[in-house]
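So the sequence lines, in the order shown, correspond to chains G and E.
All the letters of the first sequence, read from the start, carry residue numbers 376 to 739 under this note's numbering.
All the letters of the second sequence, read from the start, carry residue numbers 376 to 739 under this note's numbering.
Keep in mind the hints are simulated off the structure, nothing from the lab.
Please note that a few of the clues may not be correct.
The list treats identical chains as interchangeable, and a pair is accepted whether it falls inside one copy or across any two copies.
Straight-line distance between alpha carbons at most 20 Å, and here's what the computed PhoX-like set of lysine-lysine pairs gives [as the list claims (entries may be wrong)]:
(1) Lys491 <-> Lys479
(2) Lys580 <-> Lys405
(3) Lys715 <-> Lys435
(4) Lys631 <-> Lys710
(5) Lys684 <-> Lys696
(6) Lys491 <-> Lys398
(7) Lys725 <-> Lys715
(8) Lys710 <-> Lys530
(9) Lys479 <-> Lys735
(10) Lys684 <-> Lys725
Protein chains: 2
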Amino acid sequence: MLLRNIRNVLKHYNLTPAAIEHKRGRIYIKTGKTLEAAEKLTRVFGISSVSPARRTTSEKKDVIKTALDLARATAKNESTFAVRCHRVGTHAYSSMDICKEVGKQILTNLKHRKLKVDLTNPQHTISIEIRDAEAYVYSETLQGPGGFPVGSQPKVVCLLSGGIDSPVACWLAMKRGCTMLPVYFDNAPLTDEKTTAKALDQAKKLFEWSIGYPQRVYIVPHGKNLETFMHNAPRKLTCLLCKRMMYRVAECVAEKENAEGIVTGEAIGEQASQTLTNLRALNEAARNYPVHRPLLGFDKTETEALAKKIGTYEISIRKAKGCTAAPNQPATEAKLETVKKAEEKLDLEKMVEESVKATKIVTV
Amino acid sequence: MLLRNIRNVLKHYNLTPAAIEHKRGRIYIKTGKTLEAAEKLTRVFGISSVSPARRTTSEKKDVIKTALDLARATAKNESTFAVRCHRVGTHAYSSMDICKEVGKQILTNLKHRKLKVDLTNPQHTISIEIRDAEAYVYSETLQGPGGFPVGSQPKVVCLLSGGIDSPVACWLAMKRGCTMLPVYFDNAPLTDEKTTAKALDQAKKLFEWSIGYPQRVYIVPHGKNLETFMHNAPRKLTCLLCKRMMYRVAECVAEKENAEGIVTGEAIGEQASQTLTNLRALNEAARNYPVHRPLLGFDKTETEALAKKIGTYEISIRKAKGCTAAPNQPATEAKLETVKKAEEKLDLEKMVEESVKATKIVTV
């Protein structure tokens with residue numbers, strides 16, 4: 376699955392490699408565009424790290440020449456360096472032989488750079504990996520995003536709002552292998568179109584982390600529902616009723632799309648609607664699917680830091696009208712029975728049905 | 376609430392301060408044991424950072440003398456330094472005056488240390504905060520754990536297993552303000568007593584982060600339940616049936632204890648029982664309380680890093696028998712109806728009732 380995802384990403388960026396090989400727990404990608412490919416692969420879940428390497432034969436002279444060339448291209452004046460070698464297979468030399476010889480050659484040939492060996496805490500490392508007939512030489516390792524390959528877990532329906540938190544929650548579900556189907560609730564006329572644009576741009580940015588998978592977004596008209604809650608239920612319950620409705624519609628989408636859960640950006644206590652008591656009152660509305668909240672234990676600063684890494688932060692903070700339906704004094708400790716009593720007077724079933732019927736699916 | 380938690384922590388460690396003041400968004404703690412108190416406060420949720428400071432009057436000569444004394448006690452030979460000053464109130468001098476004068480005095484009086492001023496990237500910073508009649512001088516800031524004060528959210532029931540993940544999940548719920556009631560399921564005779572000891576030690580370690588709150592643990596005998604599942608239901612479903620039973624018992628505890636949710640250490644795809652499909656099949660067993668899973672999006676390495684910070688990692692990796700009931704081929708995509716069909720043949724109600732009845736409550 377990871378190999379397939381890697382192939383899709385490289386193809387998408389016109390970086391289709393000459394070959395991809397999976398040997399002994401590592402993936403080797405042969406490409407002329409090493410640095411570009413490596414950078415793109417730092418956005419593929421399941422990858423722990425990427426090292427753009429130069430490939431050569433495992434002949435001693437080839438290894439030494441390649442390592443020396445790399446040092447020439449990368450070692451800065453007056454810096455400290457180390458040579459590390461890892462060897463698998465049968466060769467006429469030991470790893471230590473290679474380290475010593477490469478170190479000696481670097482010191483001799485790059486004498487004018489005034490380099491010094493430091494095996495403990497070098498500023499620069501030349502790493503050599505010899506596997507049977509081949510050798511790989513590199514000096515840089517880029518960190519991957521970790522996690523599991525997208526597609527290794529089933530689909531989740533993600534509530535995407537245009538704000539800072541929800542895209543981060545989506546991303547964390549993708550990181551653990553889920554394919555993601557964003558659902559955006561359009562509160563027009565209680566918000567403006569800029570909020571919709573933000574959510575769609577966020578979805579697009581998130582899909583950069585799951586290239587090769589569908590890039591569809593569900594847009595559910597939700598303004599009429601909100602107005603119903605504002606005018607026909609206690610005002611302090613508006614946000615809770617709104618969210619419970621979102622869960623219900625999300626369940627319909629999950630059912631239609633064969634998803635296995637609903638992902639939201641809620642964190643304990645982050646907003647009035649997200650106190651532990653209110654989360655309980657919310658939860659009951661989702662009857663057939665679990666509501667997964669990967670941000671439960673995140674502080675806002677931690678979520679923001681991750682949003683910046685993902686690339687959604689800048690979109691989230693763009694100016695937009697935001698939701699104008701939130702009451703001044705929202706309930707912070709709503710009892711389920713109070714919420715249910717408020718809902719009894721409404722034709723929820725019809726509201727869900729009409730929302731689902733009016734839903735648009737766009738490809739971003 | 377934060378003030379109360381701080382008082383409780385300091386009292387617990389025999390560090391009761393002379394005074395605690397809350398002024399203009401900061402908390403000032405007057406104590407003779409500055410460093411010890413600061414270190415303990417890095418374990419109080421709601422605290423962003425702690426600076427052990429020397430206090431003096433806002434008289435210019437006092438500020439300068441205190442800053443110079445601190446520099447004398449802390450600045451290393453041949454290092455670079457900066458002086459920063461922040462001032463609130465009316466004074467005969469500006470912040471800049473203070474910075475310049477302190478800098479000059481340090482350079483003159485500590486000439487033999489060969490210090491250099493570096494305002495951009497100093498190795499050492501003398502920070503001066505002047506507030507009305509008082510001044511605080513410090514050179515060190517310890518990071519707090521962030522989050523919200525424990526007690527600002529309701530109680531949660533936390534499933535604590537003795538493994539690496541569950542204590543981290545508990546800790547994240549506490550970080551967001553919840554008080555925590557750990558519930559340990561004792562699988563004896565299918566595990567050994569060492570596992571129980573691990574869970575209790577973990578609970579004790581976690582309670583160091585919520586000093587002043589009850590330190591009770593529920594111990595539920597669960598071995599008989601497990602044996603029932605092993606011998607009277609499809610073997611591949613053992614772990615799912617076991618967990619669903621845990622959720623049910625946890626709901627009874629939550630009800631009895633006025634908790635508002637159940638916290639578990641599950642992460643998407645981390646174990647066979649934690650695939651997205653299986654989480655859905657599990658979720659259905661918790662009817663009245665949400666199951667909160669703060670680790671949903673965490674990689675194992677991330678959870679381990681946090682466990683080390685919290686102090687539970689070393690306990691988690693202690694040797695113990697572990698659970699011997701796990702099947703060789705557990706279901707990874709269990710359908711809810713299959714699980715429910717297996718449960719139909721069992722007297723679940725009685726099993727829950729007997730588990731709850733046999734539960735012991737210990738204070739650690």
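Against the structure, the hints:
| no. | hint | in the structure |
| --- | --- | --- |
| 1 | Lys491 <-> Lys479 | within (11 Å within a copy, 38 Å between copies) |
| 2 | Lys580 <-> Lys405 | neither (27 Å within a copy, 50 Å between copies) |
| 3 | Lys715 <-> Lys435 | neither (76 Å within a copy, 64 Å between copies) |
| 4 | Lys631 <-> Lys710 | between (31 Å within a copy, 17 Å between copies) |
| 5 | Lys684 <-> Lys696 | neither (25 Å within a copy, 41 Å between copies) |
| 6 | Lys491 <-> Lys398 | neither (35 Å within a copy, 54 Å between copies) |
| 7 | Lys725 <-> Lys715 | within (16 Å within a copy, 30 Å between copies) |
| 8 | Lys710 <-> Lys530 | between (32 Å within a copy, 15 Å between copies) |
| 9 | Lys479 <-> Lys735 | neither (66 Å within a copy, 68 Å between copies) |
| 10 | Lys684 <-> Lys725 | neither (41 Å within a copy, 50 Å between copies) |
Checked against the numbered hints above, the structure breaks hints 2, 3, 5, 6, 9, 10 and satisfies the rest.
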